[in-house]
Amino acid sequence: MRVTAVSVGKVLGGAVLLLGSAVITAASLGYFDPEELAPFVIEKLPLPNEALWLFALKVHVAAAAFALPACVALQSTWALKRFPRAHRWLGRAAGVVVVFALAPSGFYLSLFAKGGLPGTVGFMLSGAIVVAAMVAAVTTARARRFAAHRRFTWHVLAQLSVAVSSRLMLYALDAVDADPEPAYLVSLWLPVVGSALAVELFHRRLRPLSLPWRNHEAPAVSRGVEPRRAELFAGAR
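If you read the sequence shown in this note's numbering, its first letter stands for residue 15, the second for the next number, and so on.
Heads up, some of the hints might be wrong.
Unchecked claim - Below, simulated EDC-like cross-link-like pairs (lysine to aspartate or glutamate); rule was C-alpha separation at most 16 Å, straight line:
(1) K72 <-> D47
(2) K72 <-> E50
(3) K128 <-> E57
(4) K24 <-> E49
(5) K128 <-> D193
(6) K128 <-> E50
The set of hints was computed from the structure by calculation and includes no laboratory data. Keep in mind it's a predicted model, so treat the numbers as computed, not measured.
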């Protein structure tokens, strides 16, 4: 029953994130219009280097439009079992986009974040978690430590999901007429910290369960039970 609940939760959560990503991307298309300045851009003016800021914003939006749906797709055990080669290449592409486009542009944009220093630190913390987790996800996959790899990919997805959960929380706080600046910081910090803690708690609680992907794991080794995802990746070579 618990395994079924986890599977249903993954599907529903993934659907919400995909929908949220699509809505955010559609709302951000105006940033690419050379004839018009979007309201979000106007409220940031004046900027010390407007051209650089706009470039970073466009890179960030484009990278996020790919990275979040890609990371949702990479969590699919069904797809991994049937298309291991595609999973592997999609993971590589997501890693490159996140580490070399999404995170650097996000770090730069965070210097001009709403809410002053607390806002900047909040975005930088989320970005640091994403980069550290993505690098760890790549290294653990290459070392065939797939249980650890899964945990780090959850951290990446959890932080990318802040783009959706933070907006939902901000809309909810706005609906009850909360003070805008504290509401903004709460809707940033709570999802960032909460998502990181939720992944750790979720990972610890699920480790003893016989989850669907455990049908593809290898026998226990000296350092624990490693998934047989290694075989799937090896077959994709």
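Structure-based check of each hint:
no. : hint          : result
1   : K72 <-> D47   : holds, 10 Å
2   : K72 <-> E50   : holds, 14 Å
3   : K128 <-> E57  : holds, 10 Å
4   : K24 <-> E49   : violated, 41 Å
5   : K128 <-> D193 : holds, 14 Å
6   : K128 <-> E50  : violated, 22 Å
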